[in-house]
Every structure is written in C-alpha cells, then in structure tokens.
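Participant: If you want the building blocks of each chain, they are given just below.
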Amino acid sequence: MLPKAILEKPQNFKFESQEKGETIYFILRKHPVVNVWWIVLSIFFSIAPIITYIYKDTSIVPVELLIVIPKHYWMILIILWYMIVIFFTFEAFLLWYFNIYIITDARVIDIDFHGLWKKRISEASLGNVEDASYSTNSMLHIVFDYGDISMQTAAEQPEFEFKSIPKPGLVHDILTNLAEAYKQKYGR
Amino acid sequence: MADSIIGTSPLHNSNVARNLNFSMSDINHILNTIYPALKWGLMIFLFFYLIVAFILLKQIRLMTDTLSSTTDKYLFILGYIHLGIVLGIICFAILAL
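Taken in sequence, the protein lines are chains U and F.
My numbering puts the last residue of the first sequence at 956; the count rises by one with no breaks.
My numbering puts the last residue of the second sequence at 98; the count rises by one with no breaks.
Don't read these hints as lab results, they were simulated from the structure.
Hints may be right or wrong, so weigh each one.
Here are the simulated SDA-like cross-link-like pairs (lysine to any residue), alpha carbons at most 20 Å apart as the crow flies [to be verified]:
no.	chain 1	residue 1	chain 2	residue 2
1	U	K951	U	K839
2	F	K59	F	I82
3	F	K74	F	R62
4	U	K788	U	E891
5	F	K40	F	A94
6	U	K839	F	A38
7	F	K74	U	P778
8	F	K59	U	E891
9	F	K40	U	I844
10	U	K788	F	S70
11	F	K40	U	M843
Here are the simulated distance ranges between beta carbons [what the hints assert, rightly or not]:
no.	chain 1	residue 1	chain 2	residue 2	range
12	U	E927	F	P37	50 to 60 Å
13	F	I86	U	L809	49 to 59 Å
14	F	W41	U	E927	42 to 52 Å
15	F	N33	U	S814	50 to 60 Å
16	F	P37	U	M907	24 to 34 Å
17	F	I86	U	E898	47 to 57 Å
Here a beta-carbon is modelled for each residue, glycine too, at the ideal position from N, C-alpha and C.
Work out the full structure: start from the sequences and follow the hints.
Facilitator: Written out as structure tokens, the structure is:
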C-alpha cells in the first residue's frame, strides 16, 4: 500500500510520452530516508500545540506569555498553525511521490515537479548515454543503500543525475547493460 | 464579541502588562483593534487556502496525467479529504469566531 522508492519492471505504470512497445525497467524515487526531515517536522509541529497545552501549567512553558493571549486568539492561531502543517505535509509527500526517474528500454527520463506549478521533464535516449557512474557520499548512503547516479549524455541536457535513489549499484548495472544493448541494436 | 473577550482576558491579572508598562485602557484598545483584523485575516487566509486546495487537486490531476498508475485514486482520495478538512475548518471558523 505504501508507495515504494524503487519499482522494477512495474506493470501498472504509464507515463505521458510512453511509446508503443516501450518497456519501463525502473521507476525510481528518492529513498524514503530523505523524507525523514519533513515527517519529523510535521509530527513535531502537529504535537507542539498539544504539548504546550498539556504543560501550560508547568514551568516548561512560559505561562506569562501564554496567559496574555485570550482564548479566541488561540483558536485563530491554532487553525492557522494546523492548516500550514497540513499543507506542508501533503505538498512534501506529493513532491516526493511525483519527482521520479524512469528508465525504459529506450531512454532515461527525469520528471521534476517544483512547488505547485512547475513541471520539468528531461530525457535522453539510451544511445546518447556516454558514461554512467554512481556514488555513495555519506554514512547514511551506505547504511540505507542509496546514492546518486550521474550520466554524461550527448543529448540536449549534457548531464543527468538521479539523486538519492535506492540500490544505485543494481540500477547502474542494469542501466549500463540497457544502454549497451540499445547501442548494439540501433547504433547511436 | 471582542469586548467580552477582553473582559475575560487573563491579561488583566498578568505581570506582563505591568512589566510592559501599558495602561489597561491601552491594552484593551490594542486587543479591540487586533481581534477583528485577525479574524478577517484568518477568513481571507482560509479563502485563499481553499483555492490552494482546489489547485492541489489540479496538481494531482497534472501529476497523474504525467505518470499514471493504479494507485492514482488514493491520491485523489487524499486530495478530496484535504479539501474536506479545509471546508470543515472554514465552517468551524465562521461559526466559532
């Protein structure tokens, strides 16, 4: 039920510009670990008013400050607070869910959504993939097995980078095999 | 409405008021002025937020057009739940404030 960060040969996915007979090998999202910051922030900001309410009579919360604000003002502040928290959480989830990388048997595609309005799709034919490498740059990358794949291409966008994707070694292997097979079949 | 709030405000007994060196009538005046402004500010915010909730549904449509899968319906359910929450809060705010 929970969305996965790596889908190998998914059957139930289709993308906008998919050609007839084009097979999707990978759909990749950033590793779930990169979501920890907004999940923790959302939980913290969700429970902060409750904790403040529970501890309002103790010395942890500055009572003098709280007592100044009348009850009805609190209502307004709490409504504003939770609306912002809900929006922030939902938007962060959507951006993670839809910022994806697709590897098919013919090309690599990077779909980026920025905020509410912006969408950017870049793609490169596998025949244009010159050099692909992957890197793990931190302890977290090693512990959770995720990293970055970068590709030099002869396409309009000279460099592709798949950031924070899970199992970069496996994806890199299959990507290079696919690129080789494509070049043997069609040339460049 | 504002008068009754000010009348029951614990501010009257607060040391903060004394420390800030305000007279009670100054504070009453400030609170009287701020409350309606804050209330209308919230209403305007909620109105814009309602628009954003609709935009979010559009955004989900745009995103699912770009990449469609069998789980799309759950995203739409989330989007409509979000819209429902916003509408609920607007009703609550209109009735309670």
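Participant: Take the hints in turn and mark each one as holding or not.
Facilitator: Going through the hints against the structure:
Between K951/U and K839/U the alpha-carbon distance is near 70 Å, which puts this suggested pair outside the 20 Å criterion. With a CA separation close to 14 Å, the supplied pair K59/F and I82/F stays within the 20 Å bound. Of the supplied pair hints, the one linking K74/F and R62/F holds, its CA atoms being roughly 10 Å apart against a limit of 20 Å. In summary, the hint linking K788/U to E891/U is supported, as the alpha carbons are separated by about 17 Å, within the 20 Å threshold.
Only pairs whose Cα atoms come within 20 Å are accepted, and K40/F paired with A94/F is accepted, the gap being roughly 9 Å. For the hint linking K839/U to A38/F, the alpha-carbon distance of about 16 Å falls within 20 Å, and the restraint holds. Taken as a hint, the K74/F and P778/U pair is honoured in the structure, with Cα atoms around 17 Å apart against an allowance of 20 Å. At roughly 24 Å between alpha-carbon atoms, K59/F and E891/U are farther apart than 20 Å, so this suggested pair is violated.
For the proposed pair K40/F and I844/U, the alpha carbon gap of about 7 Å is at most 20 Å, so the pair holds. About 17 Å separates the Cα atoms of K788/U and S70/F, which keeps this hinted pair within 20 Å; it holds. For a cut-off of 20 Å, the pair hint linking K40/F to M843/U stands: about 10 Å separates their Cα positions. Distance hint check: the CB atoms of E927/U and P37/F are about 55 Å apart, consistent with the given range 50 to 60 Å.
The hinted range of 49 to 59 Å is not satisfied by I86/F and L809/U, whose Cβ atoms lie roughly 19 Å apart. Remark: the range hint 42 to 52 Å for W41/F to E927/U is upheld by a beta-carbon distance near 50 Å. Restraint check, N33/F to S814/U: a C-beta distance of roughly 32 Å breaks the suggested window 50 to 60 Å. The supplied range of 24 to 34 Å is broken by P37/F and M907/U, whose beta-carbon atoms lie about 54 Å from each other.
Evaluation of the 47 to 57 Å hint for I86/F and E898/U yields a pass: the beta carbon distance comes to about 49 Å.
When the structure is compared with the earlier hints, violations turn up for hints 1, 8, 13, 15 and 16 and for no others.
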